[in-house]
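*Asks:* Protein sequence lines, in the order shown, are assigned to chains A and B. Residue numbers for the first sequence follow the working numbering, so the first one is 39 and each next one is one higher. Residue numbers for the second sequence follow the working numbering, so the first one is 123 and each next one is one higher.
There could be a bad hint or two in this list.
What the hints assert, rightly or not - Listed next, with one range per pair, are the computed distances between beta-carbon atoms:
(1) A/S117 to B/L381: 53 to 63 Å
(2) A/E76 to B/G237: 52 to 62 Å
(3) B/H251 to A/E104: 38 to 48 Å
(4) B/E250 to A/G110: 28 to 38 Å
(5) A/H136 to B/L381: 23 to 33 Å
(6) B/T288 to A/M39: 33 to 43 Å
(7) A/E104 to B/N365: 32 to 42 Å
(8) B/E250 to A/G79: 46 to 56 Å
(9) A/D65 to B/H251: 30 to 40 Å
Derived by calculation from the structure, the hints in this document are not laboratory data. Because the structure is a prediction, the values reported are computed rather than measured. C-beta: ideal position from N, C-alpha, C; glycine also.
Each chain, written out:
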Amino acid sequence: MVVDIFPDDEHWHVLLATTYSGCPAIDVIPTIVRTKFEDEGIENVVVSMGISPPWSTDWISVEGKEKLLAYGIAPPNGSPSLNDEGKPKQCPQCGSVHTSLVSLYGSTPCKAAYRCETCLEPFEYFKCF
Amino acid sequence: MNFDANTGRPKWGDKYEFRNESLQSRLSPANNVPVLIFVNSRIGNFEPTTTSSMEAKTKYLLHLADCPLILGQRLGEWCGHGPVLEQDIALTNIALDLIGQARLLYQYVASLEGGKTNEDSLAMLRLEHEYFNLLLVEQPNKNFGSTIVRQFLYDAFNLYQYEKMTHHSDVQLNAIAVKTLKEIKYHFRYSSEWVTRLGDGTEKSHQIMQEALDDLWRYTGELFQPASYEIELMSESYSMDLNAIQSQWMDKISTVFNLAGLIIPKTEVMQTGSKEGRHTEHMGYILAELQYMQRTYPEMHW
């Protein structure tokens with residue numbers, strides 16, 4: 039979600055793309071980014087959130103998707119341009135492909151609630167966006 | 123906008139607007155819009171625009187912002203009271219989206235007003251007659267069915283309103299619309315699926331849905347009746363042609379209501395006034411709750 043990083047005479051500017059307008063982490067993310075810079079000894083950082091071009095799950099790298107899966111969230115699988123949330127490839131817990139949608143909204147707007155029909159555990163799926 | 127001759131980057135500070143070629147080359151060629159940035163700052167940095175239609179423009183943008191704010195506040199009332207956990211979470215997640223959308227629009231208005239206002243003062247410190255939301259969104263939640271019907275009527279309208287707005291000549295409004303439409307499509311999928319499921323569900327659920335539709339239908343006329351500021355802005359194509367949206371909206375909702383077995387009532391009298399600041403009796407109570415903290419502890423932040 040990093041759109042650009044560049045310096046001017048006084049500051050480093052970090053530009054981030056907003057995921058969902060109502061993302062609960064919208065104020066937390068810039069703080070974390072700023073802290074990371076401060077940990078490296080860079081103090082004069084201005085972090086900004088942008089809306090255009092709109093963020094898309096297509097921007098998530100292969101590595102990012104692997105990290106989501108390892109964390110227990112099924113990564114987006116499908117194309118946002120089809121106006122469809124797609125479907126998880128597998129259950130992040132047991133790897134089963136037999137899963138079913140419980141609710142289009144999970145614990146945050148970006149995710150849907152799913153259930154694995156094999157291990158019966160609930161899990162979250164990151165919707166295509 | 124001023125670009126630095128050496129770096130090709132915009133000069134930072136006068137406007138939060140710049141172009142990012144490297145990113146654009148990674149995106150589809152069709153997505154050829156400048157990157158627009160809203161800083162999470164409380165002061166807008168845009169040059170105040172002074173045109174004759176400025177007041178109408180501000181009112182129109184506030185109308186667009188007030189709708190998701192008030193509906194978001196209404197949906198937030200479901201927090202902890204949803205019929206089942208998943209739906210409690212879904213409604214409050216949609217509320218989050220709506221309040222996020224309202225923020226984008228309030229930030230834009232504040233920037234146009236050159237720092238006289240900010241997103242919080244616009245959302246929290248206006249008087250009742252200074253809000254221009256639709257009557258539909260201020261109606262009480264009543265029950266899950268009624269909340270869903272209200273949501274569905276609103277989502278279907280926005281599907282077309284925001285689709286049109288993605289072609290808007292105002293780049294900022296255009297960018298907000300492109301962003302927002304992605305979310306609205308999910309809201310619509312959610313509400314339309316529930317309309318079908320409950321309308322075509324049990325006898326009881328069908329009855330509740332039909333009652334909700336009969337009750338709320340009188341507030342839908344206002345969706346397509348332009349307010350004074352919308353009429354004023356029509357000449358410069360800043361506001362939408364609501365007639366064109368009405369036929370698309372009617373087609374869409376008729377299809378879903380048919381599937382759900384719900385009948386659109388033949389209401390002759392439509393209620394209007396909210397877009398001009400004349401609200402139903404519910405609005406004062408919504409604002410009392412919404413504004414309480416800011417009124418009691420002015421300029422309080424999280």
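*Asks:* Determine which of the earlier numbered hints do not hold for this structure and return their numbers in increasing order.
*Replies:* When the structure is compared with the hints, numbers 1, 2, 3, 4, 6 and 7 turn out to be violated.
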